[in-house]
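Please build the complex by placing chain B with the ligands on the supplied structure of chain A, with the hints as guidance.
Okay, here's what each chain looks like letter by letter:
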Amino acid sequence: MSPSFSEATRARFERMLARYPDKEAAILPTLHLAQREFGHLSGEAIDYVATLLGFTPARIEGVATFYTMYNRKPVGKYHLQVCRNLSCSLMGAEHLIEHMSRKLGIKPGGTTADGTFTLSTVECLGSCGTAPVMQVNDDYHEDLTEESIDAILDGLRQEHG
Amino acid sequence: MPNFTINGISVDVPQGTTILEAAKTAGIEIPHYCYHPKLSVAGNCRMCLVEVEKFPKLQIACNTIVTDGMAVKTDSEKVKQAVTGVLEFLLIHHPIDCPICDQAGECGLQIYYMKYGLHKSRYAVEDKVHKKKVQDIGGQIILDAERCILCSRCIRFLQEVTGTGELEFFQRGDHSEISIFPGRPLDNRYTGNLADICPVGALTSKDFRFKCRVWLLRGARSICPGCANGCNVEAHFKEEILYRLKPRQNDEVNKTWMCDPGRLEYKKANEARLLTPVNRENGIPKAAPWEAALSSVAFRLWEMVEKHGPGSVAVIASPQFSNEELFLARKLADEVLRTPHLGFSLRTVGDGFADDFLIKADKNPNTRGAKLLGISEEKFDDIVQNVADGKIRALLVFGNGIADLSDAETGRLLANVPFVVQIATNEGAVSRAAHAILPSASFVERGGTFTNHAGRVQRFWMGFPPRGKARSAIEIITGLANRLGAGWKSGGEAQVFRAIAQSEAPFAGMSYESLGELGQTAGGKG
Ligand code: SF4
Ligand code: SF4
Ligand code: FES
Ligand code: FES
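Chain order of the listed sequences is A and B.
Residue 102 in this note's numbering is what sits at position 102 of the first sequence, and the numbering runs on without skipping anything.
In this note's numbering, each number is its position in the second sequence, counted from 1, plus 1000.
In isolation and in its complexed conformation, chain B is listed as follows:
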């Protein structure tokens, strides 16, 4: 292990570590634009210049490997001057249109200018070379060519990660410009990442464009609910509105990336939400207070069990729900309702596209979790058959839709059941048919865990309390169970997870602490 000093601090680093990475372990920031930990090193922006003893010239930290006994300075006068000089060059043709730029507030140029620049530009504004602004280059991206600092991160991403190579530099010198070949827009399902890795406002998100200033947003650590991959994300919101999802680094799952469809998953938490409990009386849906809604649902369920036996009640769970919620749903079915009819339905989306990178065909975040908790997918068909045969008198549906049934099919199916209760977040065919709706919290309005396709149990955190009158499904299920005489202790997701770890073998030994930010793999097969 080479030992070296950086600004006088002595550090041991693994063989082959660059000065830039090594500096991080010493808590020293070296400014950089073109370097990205998940891309090849280009070494073209020159922001990372540092002084290395015995080297006649300044070296780029991103491409210089630490050797034993090396002495590096990042804070000498020589380095400061060089970095300010580089920044001045990078800003020569920059339009400085921060007031109309979405990147403002999280822009590499702004941040480094305040830290390392603060120089007066010696270049006349009228001499700046102008390039094309506001170009829709396909995917989720808008290109503003004159804001680009030619770091080539986007080019490397499209060559090394997606392998599609749509962006290149054209022309040369101060006319160099990033662009697509005319008529060949971005053509891959990961374009949103370009806006993340572009250190400036040259590549920005079409979807997020002009929606909100980034410094007004707050973030919650979360998991993308878009498919079984379980990409780690940061959910950005203001008050009760979600604005965007950004990937959160987890090298075991998604590195620093996420897919385009996943990025738009946040919309469902904003739109067409079920926000108040509803009871349908004589066909007319009426808003009800929670107490009344829960009591009347519990009463109807009890009534059916009493009159027609537990076999007349069925529960359709959903892998859109967390391990904690599914665990309680199972307990409700097994121990309280004592019905044999518990299964889960898979949400299917579009063509079920999958690739060998992140996107999985299963568009549910917790299918593996449902299976590991012993809820069966096979039972689902059986339940549907029983419903169609008119054998089910009361049906508890979790989630916004039932498998891949169309709206019409869903309506026809549910028409066979005298009493349908739904626990879900969004309006749809089920909510139009349900006799009672118990609105539940979206993925950012509650905490919990999902188990991804590979069995990795990952936490997501609450960003803000449930919107409107919605409640976490844990509260809803517990409320129903207790009204049916279960006598469960009420508690949050942490308590429920402790119970899971105690009784469910695949989760044995796990705790929220051991899961941490990045999760842990469940034992056993699912």
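Isolated chain A, as found in the complex:
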């Protein structure tokens, strides 16, 4: 079935659209709305956004695949986005990523079998002062160590449990 916005999202979309005289500029925020609503941007979701805004699906796909923060594949309940850029790497991000991989049994880009976690590496999260950093869904976790990561993951698992 082709996806479509709930009434509430539809209303948000209309309000947002009114702020952009150039519809092309509304592609990014509309994709964010779609990702929030549908979890990830499937081909159908891209097609839906294309129809909403009056572009070809190819145009929308081009934008969606250019930016790494749009998920073209389904992600787990918790999307762990670990920074691998310069400051975080200097502060040991590489080891943390390995640690998480081992603990969760997945490689970066993978999702645990139960669908709880997706592990991704991302570029600078703009929080170099508190490196190493990861973003879990919308929340930042800073000054990470193996121990703090264990605590975060265990906590999330319990919550999910």
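30 angstroms max Cα-Cα, derived DSS-like pairs, lysine-lysine: (1) A/Lys73 x B/Lys1128; (2) A/Lys73 x B/Lys1132; (3) B/Lys1133 x A/Lys73; (4) B/Lys1128 x A/Lys107.
Hints listed in this document are in silico derivations from the structure and should not be mistaken for laboratory results.
Just chain B with the ligands, lined up with the frame of chain A:
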């Protein structure tokens, strides 16, 4: 008019001219990939870098407007290094599979590498990013994504010319890739142009794929016979086989484009050709030498006129034939056979699709020409009526088919006529019924002119002599007329056109010289 110097040569150019275009007028080539004269400027390939005095950095020639007193260098060491560097970047992930690439021989990468590159790649072959090859993306196109240099010409063509926007770049960085949205193939009637404008082998023609190496092909300037638009084309052939049609620039007619159905028009010159004169004796078609064929046709026509009067003979001309041929056909009917029954039948194809760009509903290249020469379309129905009533004893049919009559209808109609002669290129319902077939030259086997829907008279040139025993229709008609006592001087299309210019008001003052490569508009209404 700004005056500027390029490599020391002083040139005047119109206001607003880019360095790249201005360089052309000075005879200087500036290498470029993304720039295309009929598309918007993207400025993304960086091949056109030039040095401009007083500018700290190199500038892209495709998007820098010439100003008065500007001094440009395209051959300095700095420019050469930059261009080689850009080329090295563009080739980093290129698969270099020229031996299996149709573009080889007319590829921008090959050409510029030999001229501006000749560098050793510093990138390891095993580090190259690979992308999907051999993708059928619809229309006439095969996509090989890893050959693409991301110039965006194809994207701009589909946005600016067809307005359909099927292609886009997906992903980013060295994973950037040109593609269609899954399940949404190319959906327009101009896809073949993508293979022309793609400077590399990323978008190639499905039809031409692996058929022939391009350096073996020769070209003839021609006119697409596919519809009344008369797009200027280049017909590419090897020996006696046509391989493809490519648009030839004519800003008044087709700019640098042509349509997809038009691109396949060449096939008829290769397939199911009538290549030898045929006489049917007691129902059995027999190949005949030209002399015998022409004499027996002339004799039968004379016999009918003698026995049943000129009104018993009819001529169905065809707007598939050139102005020169139609002019002679008219003279044959009017002055030699003296029959009132001369009309032309329109070839109709498919749904008669037309758009507001190039494609015309009339699928004949010379309908306007036939009308301007005073051959009437209205008479055609009259002739058909006379045939059906059994009043026509001899019928001379030009062309492969009769209007939009089906094969069965054609057979039934022609069965009413004791003697049917056909002058045509291809087998079909008419050739199956004709008592005599006089095979004529295809559009690339003869020269002449067509008059397009807008009255533009345009020349097409002979690429190679008629295949088999076929002859130009000019020779055939003249041969018949002279056997009927006309005493015409034999001559080529140029001579016939001179006669047209002398006696036909709409063509007055025209000559092959004045028509040139791009044609001229005929006066008067058609
Ligand atoms: S496919 Fe060809 S025309 Fe399109 S961007 Fe790539 S190189 Fe340019
Ligand atoms: S528009 Fe008509 S003349 Fe032009 S390429 Fe197509 S068929 Fe040929
Ligand atoms: S490098 Fe990780 S937050 Fe900036
Ligand atoms: S031709 Fe100028 S940047 Fe491509």
